[in-house]
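Construct all of the structure, not just a fragment, from the sequences and the given hints.
These are the residues of each chain, in order.
2 protein chains.
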Amino acid sequence: MTLTYKGAGVDVGRAEDALARVRERIRRTKRPEVIGDVGQFGGLFASPGGDTVLVATTDGVGTKLELARILDRHEVVGADLVHHCVNDALAMGAEPLFFLDYYATGRLEPAVFERVVGAMADACARCGIALLGGETAELPGMYADGAYDLAGFLVGAVARDKLLGPERVREGDTLIGIPSSGLHTNGFSLAREIVSRLAATKGTTVREVLAAPRQELEGLALGETLVATHRPYLREFRALRQAVEIHAIAHLTGGGWEGNLPRALPPGLGAAIDRAAWTVPALFTLLGDLGGVREEERFDTWNMGIGLVLAIAGRDAAAAVRAVPDAIALGRVERAGSGRRVRFA
Amino acid sequence: MTLTYKGAGVDVGRAEDALARVRERIRRTKRPEVIGDVGQFGGLFASPGGDTVLVATTDGVGTKLELARILDRHEVVGADLVHHCVNDALAMGAEPLFFLDYYATGRLEPAVFERVVGAMADACARCGIALLGGETAELPGMYADGAYDLAGFLVGAVARDKLLGPERVREGDTLIGIPSSGLHTNGFSLAREIVSRLAATKGTTVREVLAAPRQELEGLALGETLVATHRPYLREFRALRQAVEIHAIAHLTGGGWEGNLPRALPPGLGAAIDRAAWTVPALFTLLGDLGGVREEERFDTWNMGIGLVLAIAGRDAAAAVRAVPDAIALGRVERAGSGRRVRFA
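Chains F and U, in that order, are what the protein sequence lines are.
First residue of the first sequence: 21, per the working numbering; consecutive thereafter.
First residue of the second sequence: 21, per the working numbering; consecutive thereafter.
The set of hints was computed from the structure by calculation and includes no laboratory data.
Heads up, a few of these hints could be off.
Chain copies aren't distinguished; within one or between two, either way the pair holds.
Said to hold, decoys possible - Computed list of lysine-lysine pairs in DSSO-like fashion (alpha-carbon distance at most 30 Å, straight line):
1. 182 - 50
2. 182 - 26
3. 50 - 222
4. 222 - 26
5. 50 - 26
6. 222 - 182
See below:
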């Protein structure tokens, strides 16, 4: 036998071709701090000066990938990956600087790669972030047919004295929420299970359940509503930072409210959230009802319509809501016992 | 029906349990620049001062993962991931600072996670790198049973005037090689294809082919030889930087010699490599012969026994070889035409 790397399922030329398709869009993300071009062993970025702190974060987009694949909406997960990382960085008070991605699949499809990574580059450009590097891995046999996985890495920076965190939060602080655009990138395995059980019950396909217009969603289809892009909060973060002194920020991702909001609070304090402050979007109610998901489980898995929660001094609440039109006063920081730290009332 | 996130295949508690098992080993990687503890939305690291450049790199370990799984050697890929990133960073002249990892699987097995991420933390500690954060993703249905994927992300720093690269390389420079410890983390899909064809031809299993002692490997088994840890070159890099002025470094990974060595050379220049300067390790010859892999294809896929190539001034060759006992003078930088840029003679 005569074997080649290509014959073994890894085509280096295919990866290069795929990358060539997005190179121009990647170039457009270049910032003044970027040194040199792509293709080096490491991406180069001039270190921010002064007494600054680097904020590094890594994320994936979970099984939203599967939904994007079924619905042929690959651009969404590319943008999602960037936005998820951006929101994690700004939760520490940081401006995002640069981003790297990991794209892995069993057999690289250059057209899909172009759509995903192109959308990633465009999202970086919109947020003013340099797409500094990436790794494209072809791993025959490790992924389900047609599946690909993504990981994103982002580094941001914040002046040391502007670092946000639990230590700035005081009892009585006001909690401000900013609406989400849907599930963002979390809780999709539960959503998908609900959809596939529903398909089984109705004797139809997952695709049909996803495509059917829904009265509860004002005539929109479940699929279309589920693949809404993870909302980036960079503009709102900047506006709020201008208007008020932010104490801490929680990005509501995997683990929902109880899994994330306490990460922005010091020990001994919890959050009292007024459930009447906002209307849970129909998507969450519909999914929860279809799946018979208990109320607490819904809030422990999904963001339920609020993607970002900020703690600020109570006196700043009005200014915050003025600075960001769709910001909502959700509740306040209170003493908490040893159990759950988010209390809904 | 009543559904929970756990019922849908994602157990947040299982992920927390898995993380708890390695928390202490992660803590040991803490450096003075690290601010705060794990569990924040982003890892915090004091920005290096002065006129420094951040070097960011991302890598995976490819289908070596599958071999590690078959041979129950999960620690290897954890260390590999760190070492691969470290070598890419030092190829730009950078000292590594911090590392983040992405671990994705269909169903999280905490015992496997502990071995992989624990080994990652230990490798970080040995290299003096802070393990600053990570993402653990449970993605039901996306991965083959038992499979997991890893991506690593590393940031290093180098003083701007110490940045290595092609622009420092001159015609006539000497090329110094440092031996690899085996395939490192590249070309495993080809190696695995060779092994599985051999098993099919012999009417035996992949496992047996991997486990059989080999005369060509001095009695060692193919599997054991294949899963050798990717060698980190940090110590050698530091010793060489002390002894001589390094111009550029190539880390020989995916794409082998032709795919990597030119990345360290300016346009118009190529490498003349003396094939007699080192003996290709038996593993590469055995694999290549078993697979009937052509000579050029071997060098385009595998490192063939040399993991790192450094370009230095010719007058520094003797000092370089003195500084690193197993360094080898491989050849020199020469003018190159428009075709392949690595010439073996």
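Results of checking the hints against the structure:
1. Taking the shortest alpha-carbon separations for residue 182 and residue 50, both the intra-copy value of 26 Å and the inter-copy value of 22 Å come in at or below 30 Å.
2. Neither within a single protomer nor between protomers do residue 182 and residue 26 lie at most 30 Å apart by alpha-carbon distance, with minima of 51 Å and 38 Å respectively.
3. Within a single copy, residue 50 and residue 222 get their C-alpha atoms no closer than 50 Å, and across copies no closer than 54 Å, so neither meets the 30 Å cut-off.
4. With identical chains, the CA atoms of residue 222 and residue 26 are at most 30 Å apart between copies only, with a shortest distance of 24 Å across copies and 44 Å within one.
5. When the C-alpha separation of residue 50 and residue 26 is checked against a cutoff of 30 Å, the pair qualifies neither within a copy, at 33 Å, nor between copies, at 42 Å.
6. Neither within a single protomer nor between protomers do residue 222 and residue 182 lie at most 30 Å apart by alpha-carbon distance, with minima of 54 Å and 66 Å respectively.
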